[in-house]
Amino acid sequence: MAEVLVVVEASQAGVKKVTLELLTIARELGEPSAVVLGGPGAAAAMSDKLGEYGAQKIYAAESEEIDGHLVAPKATVLANLVTSVSPAAVLLASSQEGKEIAARLAVKLDNGILTDAVGLDADGTATQVVFAGQTIVKSKVTKGIPLVTIRPNSVTPTPAAASPAVENLTVELTDKDKLAQVVNRVAEQKGSRPELTEASIVVSGGRGVGSGDNFKLVEELADLMGAAVGASRAAVDSGFYPHQFQVGQTGKTVSPQLYVALGISGAIQHRAGMQTSKTIVAVNKDEEAPIFELTDFGVVGDLFKVVPQAVEEIRKRKG
Amino acid sequence: MKIVVLVKQVPDSGAERNLRSDDNTVDRGSANNVINEMDEYAIEEALSIQEKHGGEVVVLTMGPSGATESIRKALSMGPDSAVHVADDALHGSCAVATSKVLAAAIGQLDADLIICGAESTDGRVQVMPHMIAERLGIAALTGARKLTVDGSTLTIERQTEEGYEVVTASTPAVVSVWDTINEPRYPSFKGIMAAKKKPLETKSLADLGVDASEVGFDGATSTVVEHSKRPPRQAGNKVADSGDGGVQLVQYLSSEKFV
Ligand SMILES: Cc1cc2nc3c(=O)[nH]c(=O)nc-3n(C[C@H](O)[C@H](O)[C@H](O)COP(=O)(O)OP(=O)(O)OC[C@H]3O[C@@H](n4cnc5c(N)ncnc54)[C@H](O)[C@@H]3O)c2cc1C
Ligand SMILES: Cc1cc2nc3c(=O)[nH]c(=O)nc-3n(C[C@H](O)[C@H](O)[C@H](O)COP(=O)(O)OP(=O)(O)OC[C@H]3O[C@@H](n4cnc5c(N)ncnc54)[C@H](O)[C@@H]3O)c2cc1C
Chain L
1 MAEVLVVVEA SQAGVKKVTL ELLTIARELG EPSAVVLGGP GAAAAMSDKL GEYGAQKIYA
61 AESEEIDGHL VAPKATVLAN LVTSVSPAAV LLASSQEGKE IAARLAVKLD NGILTDAVGL
121 DADGTATQVV FAGQTIVKSK VTKGIPLVTI RPNSVTPTPA AASPAVENLT VELTDKDKLA
181 QVVNRVAEQK GSRPELTEAS IVVSGGRGVG SGDNFKLVEE LADLMGAAVG ASRAAVDSGF
241 YPHQFQVGQT GKTVSPQLYV ALGISGAIQH RAGMQTSKTI VAVNKDEEAP IFELTDFGVV
301 GDLFKVVPQA VEEIRKRKG
Chain U
1 MKIVVLVKQV PDSGAERNLR SDDNTVDRGS ANNVINEMDE YAIEEALSIQ EKHGGEVVVL
61 TMGPSGATES IRKALSMGPD SAVHVADDAL HGSCAVATSK VLAAAIGQLD ADLIICGAES
121 TDGRVQVMPH MIAERLGIAA LTGARKLTVD GSTLTIERQT EEGYEVVTAS TPAVVSVWDT
181 INEPRYPSFK GIMAAKKKPL ETKSLADLGV DASEVGFDGA TSTVVEHSKR PPRQAGNKVA
241 DSGDGGVQLV QYLSSEKFV
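Those sequence lines, one after another, are chains L and U. Under UniProt numbering, the first sequence has 56 at position 56, and the numbering climbs by one with no breaks. Under UniProt numbering, the second sequence has 36 at position 36, and the numbering climbs by one with no breaks.
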C-alpha cells in the first residue's frame, strides 16, 4: 500500500488530537507515516502515541534550527522527503502552521493544495465547508498528489496499533530557510482548559456578557463541563476576552460536539466559525436573535439568571 | 521605503455568498463586492509606516475589471498609486497560480516591504504570504499583531497557542497582519477626491511575463468537483425562562449526555 505522510503537530502536552485524527483519515488512503519536525528528542517522546493510532513509520527531522525560523525550514525538509519517498498524499492540520508549511510545499513542488477540509475520501476528494458554513464543496488536487490541510474535530480518532520504526532525516538548510528569526517566545498563562479548536465542548460569551469580569461566569460553566472558552468579536473588541479566543470569520473555526452561545446574537460572521458544531445551545434575552435559527435548544432569558442556575444544577447533579 | 500592499476584492462576508453553477467560481455578479476586511488593516499599517519613515505605498490587486472600485476605495485611504493585474485568462485561478502572478507583479515593483491581510474572507486559505515569499526567496513574517520597522530590520509580534512570539527579518520581506494590529482610518472627503486622480496602472499577464497557460482554469492545480448549499439547521426547542431556564438547559444537556 502507498505511503501517506502525516505532519505531526504537538504541544507541551504531547501529540495533538488533530494529528491522531489525521492518522485515522490517512489509513483510508494508504499506510500512514508520521513526520516529526521539531527539536532534538521530539520523535522519541511521541512515538508510542503515533504508533497507537496507526503510524507504520516515523520520520524524524530534529534540529534546533528547525524550530527557530517559522515554517520555511520545515517545508524544505518535507519537500525533500516527498521527493525521495513519493507518497500518495500529504496531510497536515488546518492550523496556521499547517497551512503555511503546505503553502511553501505547494510552491516548491508545483503541487495543488486544498485547505480547511472537513473530510477526505480514499480517492483524494476533499470536502470543504465554505462561505460561513453555507456551501459544501467537493474538490480535488489535479496537479501532483493530494496536499490537504484538515480541520480539527473532522473525525473521531480511532486507535489501530502499530509499532513504527523511527527513521532520522538529515536536516540540511540553506540561508533562505533562515530569513525569519524567532528571537523570543513568551508563554502566557494557559490554565488547564482544552485548546479551543480541539475541544469537544466550547462555551462562548458575547457582548451580552457585559464585561471582562462577568466572563468569569462563562469560564465557570466551561470548567464544570471540561470545555474551552470562546468569545464573539464584539466581546473581544470590547476588551472582555483576548483575541486568540475569538470564534468566527476572522477568528477560530470550531466544530465541537457541543457549542454553548451566551449573549451572542448569531451574526453571519460569528456563524462562520461555529456553524458545523454538532449540537448548539444558546441563552439570549432576545427571542428574535438569529442564533436561535441554529440552536437545538434555546433559552430565551437573562444569562445572569439562567447561567448561575445551570451552574448550580450541574454541581448538584455531580454531587 | 517602498511598500506594496496586497488588496483583494471579495464578496461581502455579511451577506449571502454563492459559487456559480456554471464554472464553480465565486458569484461576483450577485454579490456586494468589497475590500477584504483584513486588507484594510494592511493598508493602515503601510500608511502609518510611511508617516514615520517616509517612502511610497503602492496598492496591488489581482482581480476582474470590477475590482477597480475597491482599488479606488483603497487609494482614498491614502496610498500613492495602484497596480491592477487584470486579464481574462486569470478567471478560475487557484492559490498557487495567484501567488505566481502576484510575485511577478511585486518583482516589477522593486518593493522593500509587502504587507497583506492574514487571510481573505472568501477563500480563507491563509497561504498567500508564504507562497509569495517562497517564490521571491524572501522572508515571510505572518500573523502580525504588531510591526516595528528599524532601518532594514522588521520585527513582529504574533499570537500563538501558547502565548506570543517575537520574530525578525531584514527587508525585503512579506508581512501579513491580523485585525488586532491597528484601527484602519476612514477615507476623508479629500482622500476620496484625490483617489480619483491617483495613478492606477493596469497590467496584463503579458506585461508580467506570465504565460496564460500557467493560470486560470488551464493552469489550476486543483478543481471544484461539485458544490451544494448546506441544508439549513433545523431549529429545535426554544423555551422562555420563567424561573427554571437554567435547570431546563441542564436537563437538555443531560439528555444529550453532555453533563
Ligand atoms: C469582516 C467581518 C468579520 C467578522 N468576524 C467576526 C468573527 O470572527 N467573530 C464574530 O463573533 N464576529 C465577527 N464579526 C462581527 C459580527 O458581524 C457581529 O458584530 C458580532 O458577532 C456580534 O457579536 P455579539 O453577538 O457578541 O454581539 P451583539 O450582536 O451585540 O449581540 C449581543 C447579544 O446578547 C444578547 N444579550 C444582551 N444582554 C443579555 C443578557 N443579559 N442575557 C442574555 N442575552 C443578552 C442580546 O440580545 C444580543 O443578541 C465580523 C464582522 C465583519 C464585518
Ligand atoms: C470558497 C473558496 C475556497 C477556496 N479554496 C481553495 C483551495 O483550497 N486551494 C486553492 O488553491 N485555492 C482555493 N481557492 C482560490 C483562492 O482563494 C484564490 O486563488 C485566491 O486568490 C487566493 O487565496 P486567498 O485569497 O484565499 O488567500 P489568503 O492567503 O487567504 O489571502 C491572504 C492575503 O493575500 C492577499 N491576496 C490574496 N489574493 C489576492 C489577490 N487576488 N490580489 C491581491 N491580493 C491578494 C490579500 O492581502 C489577502 O488578505 C478558494 C476560493 C474560494 C472562494
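In case anyone wonders, no lab produced these hints; they're calculated from the structure. Because the structure is a prediction, the values reported are computed rather than measured. For each residue, glycine too, the CB sits at the ideal point set by N, CA and C. Check before you lean on any hint, since a few could be wrong.
Distance ranges between label pairs, derived from CB positions [stated by the list, open to error]: (1) 165/L - 109/U: 26 to 32 Å; (2) 66/U - 161/L: 26 to 32 Å; (3) 65/L - 217/U: 39 to 45 Å; (4) 168/L - 160/U: 38 to 44 Å; (5) 122/L - 190/U: 24 to 30 Å; (6) 165/L - 223/U: 54 to 60 Å; (7) 302/L - 109/U: 52 to 58 Å; (8) 163/U - 173/L: 21 to 27 Å; (9) 83/L - 223/U: 36 to 42 Å; (10) 28/L - 234/U: 25 to 31 Å; (11) 197/U - 173/L: 46 to 52 Å; (12) 163/U - 83/L: 34 to 40 Å; (13) 109/U - 110/L: 42 to 48 Å.
When you take the CB atoms of residue 163/U and residue 173/L, is the distance between them in 21 to 27 Å?
-> Holds - the Cβ-Cβ distance for residue 163/U and residue 173/L, about 26 Å, lies within 21 to 27 Å.
Hint check for residue 110/L and residue 109/U - Cβ pair distance inside 42 to 48 Å | 24 Å, violated
Between residue 66/U and residue 161/L, does the beta-carbon spacing fit 26 to 32 Å?
-> The hint (26 to 32 Å, Cβ to Cβ) is violated, given that residue 66/U and residue 161/L are roughly 56 Å apart.
Could you tell me whether the CB distance from residue 165/L to residue 109/U stays inside 26 to 32 Å?
-> At roughly 50 Å between Cβ atoms, residue 109/U and residue 165/L fall outside 26 to 32 Å, so the hint is violated.
Within 25 to 31 Å or not, the Cβ separation of residue 28/L and residue 234/U?
-> 30 Å, holds
Do residue 163/U and residue 83/L keep their Cβ atoms within the hinted range of 34 to 40 Å?
-> 35 Å, holds
24 to 30 Å as the expected CB spacing between residue 190/U and residue 122/L, which holds or is violated | With Cβ atoms ~60 Å apart, the hint is violated.
Does the hinted range 39 to 45 Å hold for residue 65/L and residue 217/U at CB?
-> 40 Å, holds
Should the hint that residue 168/L and residue 160/U are 38 to 44 Å apart at their CB atoms be regarded as holding?
-> 27 Å, violated
Is the hinted range of 52 to 58 Å satisfied by the C-beta distance from residue 302/L to residue 109/U?
-> Holds: the Cβ-Cβ distance is about 56 Å, inside 52 to 58 Å.
Okay, residue 83/L versus residue 223/U on CB: inside 36 to 42 Å?
-> 24 Å, violated
Should the hint that residue 197/U and residue 173/L are 46 to 52 Å apart at their CB atoms be regarded as holding?
-> Cβ of residue 197/U to Cβ of residue 173/L: about 48 Å, so the range 46 to 52 Å holds.
Hint check: violations occur at hints 1, 2, 4, 5, 6, 9, 13; the rest are consistent with the structure.
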